[in-house]
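*Asks:* Sequence:
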Amino acid sequence: MGRKARQNRRVLRALFSHLRVQAPWHIRDESAEPAAERPGLLETNWLEAVYLRLRAIVPEAVWRLYTSCDGASAEDMALLSSLGRGGARLLQPHRQRGQLPVAMKTLSKLVIVPLCHVASFAVPSESALAAIAECGPIVEMGAGSGYWTALLQHRGVDVVAYDSQPPSSRFNNPFFSEVYCNVLRGDGRSVFEQGGDVARRRALLLIWPNNADSADNPHLCRAGGASRAPPPPVWDAECVASYLRAGGRTVVYVGEREERVAVQEGSPPDCGASASRAFQALLSERFELLRAVRLHTWSYNSDDLTVWRRREEPPVVRTLATLAAAPEEEEPTGGDAHAPPASAALHTPPATAHLLGGIAWNGARVLAAHIATRGGWAQRLSGGAETQVCELGAGTGVAGLQAAALAGPNAYVTLSDKHASLVDDLAASIRERGLGDRCGAKLYEWAVGDAAALLPAHSSATHFDLILGAECLYSLGTAGAFAAALDALAGPTTVVLISCEHRWSTAECLATLEDLGWCHEVLSEETTPPMPGDLRPARVSVMELRRRAPPDRKLPPI
Numbered sequence: 001m002g003r004k005a006r007q008n009r010r011v012l013r014a015l016f017s018h019l020r021v022q023a024p025w026h027i028r029d030e031s032a033e034p035a036a037e038r039p040g041l042l043e044t045n046w047l048e049a050v051y052l053r054l055r056a057i058v059p060e061a062v063w064r065l066y067t068s069c070d071g072a073s074a075e076d077m078a079l080l081s082s083l084g085r086g087g088a089r090l091l092q093p094h095r096q097r098g099q100l101p102v103a104m105k106t107l108s109k110l111v112i113v114p115l116c117h118v119a120s121f122a123v124p125s126e127s128a129l130a131a132i133a134e135c136g137p138i139v140e141m142g143a144g145s146g147y148w149t150a151l152l153q154h155r156g157v158d159v160v161a162y163d164s165q166p167p168s169s170r171f172n173n174p175f176f177s178e179v180y181c182n183v184l185r186g187d188g189r190s191v192f193e194q195g196g197d198v199a200r201r202r203a204l205l206l207i208w209p210n211n212a213d214s215a216d217n218p219h220l221c222r223a224g225g226a227s228r229a230p231p232p233p234v235w236d237a238e239c240v241a242s243y244l245r246a247g248g249r250t251v252v253y254v255g256e257r258e259e260r261v262a263v264q265e266g267s268p269p270d271c272g273a274s275a276s277r278a279f280q281a282l283l284s285e286r287f288e289l290l291r292a293v294r295l296h297t298w299s300y301n302s303d304d305l306t307v308w309r310r311r312e313e314p315p316v317v318r319t320l321a322t323l324a325a326a327p328e329e330e331e332p333t334g335g336d337a338h339a340p341p342a343s344a345a346l347h348t349p350p351a352t353a354h355l356l357g358g359i360a361w362n363g364a365r366v367l368a369a370h371i372a373t374r375g376g377w378a379q380r381l382s383g384g385a386e387t388q389v390c391e392l393g394a395g396t397g398v399a400g401l402q403a404a405a406l407a408g409p410n411a412y413v414t415l416s417d418k419h420a421s422l423v424d425d426l427a428a429s430i431r432e433r434g435l436g437d438r439c440g441a442k443l444y445e446w447a448v449g450d451a452a453a454l455l456p457a458h459s460s461a462t463h464f465d466l467i468l469g470a471e472c473l474y475s476l477g478t479a480g481a482f483a484a485a486l487d488a489l490a491g492p493t494t495v496v497l498i499s500c501e502h503r504w505s506t507a508e509c510l511a512t513l514e515d516l517g518w519c520h521e522v523l524s525e526e527t528t529p530p531m532p533g534d535l536r537p538a539r540v541s542v543m544e545l546r547r548r549a550p551p552d553r554k555l556p557p558i
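Residue numbers (UniProt numbering): 1 to 558.
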């Protein structure tokens with residue numbers, strides 16, 4: 001047994017004794033091997049018992065997270081002051097969500113973190129376990145210690161648990177040293193895509209699958225030196241994508257969701273510490289939310305349990321390969337001779353199929369049609385003036401490739417995306433279409449770098465003339481970074497065209513853009529006809545974004 005595992009056991013033995021809670025056998029026995037060596041049914045939900053005891057004895061003033069609009073009372077501060085020494089700081093920032101008492105930070109470090117590593121990062125309740133049982137049979141991925149699975153198995157639920165690194169005395173799982181049931185070795189791809197019917201027969205259970213701060217919330221990551229260990233892999237979206245491809249229908253997710261995480265005014269959005277933004281967007285797009293169950297949660301987290309059912313006929317999500325095979329009558333109409341034919345060569349290897357950007361969304365097709373047939377863009381792009389075009393978050397590049405097909409000798413289109421694999425695919429699509437003299441693909445992270453990083457070397461321009469964004473506002477967390485990218489790339493006369501399918505988050509995303517100085521005007525709206533796989537028609541808008549003018553002057557004409 002490792003040193004850290006022994007230390008966690010010593011801490012918890014003292015905690016159980018102090019709280020007068022019956023400790024599980026492997027915590028009581030100093031000489032016991034990690035539970036991975038002796039997996040068995042977990043009869044009592046001791047983590048919930050410990051949580052409830054802590055909740056009962058820790059004062060509310062210590063437990064709570066203080067937000068900018070929910071300050072501490074004089075009585076609260078008096079209590080917190082009594083816990084401090086020599087004028088020590090009483091509150092500390094927590095993830096830009098508010099201020100957490102230093103006493104709670106200490107409690108978390110000494111008690112809560114060991115509880116998480118010995119059992120689970122989320123605290124199960126009877127109502128949560130009952131909700132999961134109703135979805136059975138179950139397959140849990142990233143099961144870690146298997147604590148939740150063991151409780152479900154004790155209740156007679158058919159559950160199998162997998163983890164890419166099952167805890168054991170021979171293999172050092174980075175998060176867990178104990179295990180409470182038989183956790184098999186496997187990940188989403190190996191379990192769901194190697195034949196069999198696991199996905200079709202079982203609901204997928206994901207409990208705090210991974211922390212994606214390094215990718216989605218970089219502002220919350222501490223700067224580290226060269227010796228800092230690389231962050232663990234982010235696998236949740238790929239797991240759900242594999243589950244979908246294998247015919248899965250129900251996902252049960254336990255953890256934080258961006259729509260429930262409140263941050264302080266002026267702070268960037270926080271998608272949570274338990275799942276990636278791409279995972280949450282994939283749930284919203286491909287599944288319907290059936291129910292949400294409140295959970296016990298530590299004061300600094302915003303966990304709940306949600307049950308998601310795959311849409312009976314999911315929205316049309318076409319890869320470039322299927323887009324190329326689309327019937328001619330589905331192509332943008334309007335008689336533009338420059339519009340690329342439906343049979344044009346398009347490139348989409350299966351390696352990027354799990355990425356949201358690896359899908360040709362309806363909004364991309366609508367924006368491409370708008371460029372080809374409206375606003376005089378066919379003439380502007382093919383005219384004699386130099387025109388620099390950039391597509392942000394290009395993904396499959398449908399809109400940008402349409403602009404490149406229209407481009408004359410003095411126009412150049414840059415397709416950008418933050419995923420290197422998608423940039424490689426975009427470059428392949430450009431080559432296959434013979435557009436290399438007027439189009440290129442570059443790696444670009446929103447809000448990182450300026451226009452010089454994207455403008456072609458042969459251009460003397462300092463900003464782009466046209467910026468495109470197809471389905472870039474797909475979740476609440478995207479608006480801030482998108483606005484920052486526009487600030488970096490746009491000049492005073494830049495035209496910004498975006499398209500988005502109307503979703504639950506669209507209005508709030510547009511409001512966020514306006515708060516950040518980018519107003520919108522709807523240019524056209526289209527209801528896409530039902531296509532194979534559609535549940536219902538989708539409403540897609542094409543909008544122009546403009547910088548909000550100062551009160552004393554007008555925007556220059558476009």
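Hints are supplied without guarantee of correctness; some may be wrong.
Only pairs whose alpha carbons sit at most 25 Å apart, straight line, appear in this in silico SDA-like list of lysine to any residue [unchecked claim]:
(1) K105 with R6
(2) K442 with Q264
(3) K418 with S459
(4) K418 with T494
(5) K442 with H419
(6) K418 with D213
(7) K418 with G383
(8) K109 with P137
(9) K442 with A427
(10) K442 with V495
(11) K105 with E285
(12) K442 with R431
(13) K105 with D158
(14) K105 with A427
(15) K418 with H296
(16) K109 with W63
(17) K105 with Y66
(18) K109 with R10
(19) K109 with E285
(20) K109 with G186
(21) K105 with F16
(22) K105 with D213
(23) K418 with E544
(24) K418 with H502
(25) K109 with V62
(26) K109 with R201
(27) K418 with R291
(28) K418 with K442
(29) K105 with L295
(30) K105 with R294
(31) K109 with R249
(32) K418 with L455
(33) K442 with P218
(34) K109 with L295
(35) K105 with A78
(36) K109 with P233
(37) K109 with R200
(38) K105 with S127
(39) K418 with E285
To be clear, the hints were calculated from the coordinates, so they are not data collected in a lab.
*Asks:* Checked against the structure, which of the hints given earlier come out wrong?
*Replies:* 2, 7, 8, 11, 13, 14, 15, 19, 20, 26, 27, 31, 37 and 38
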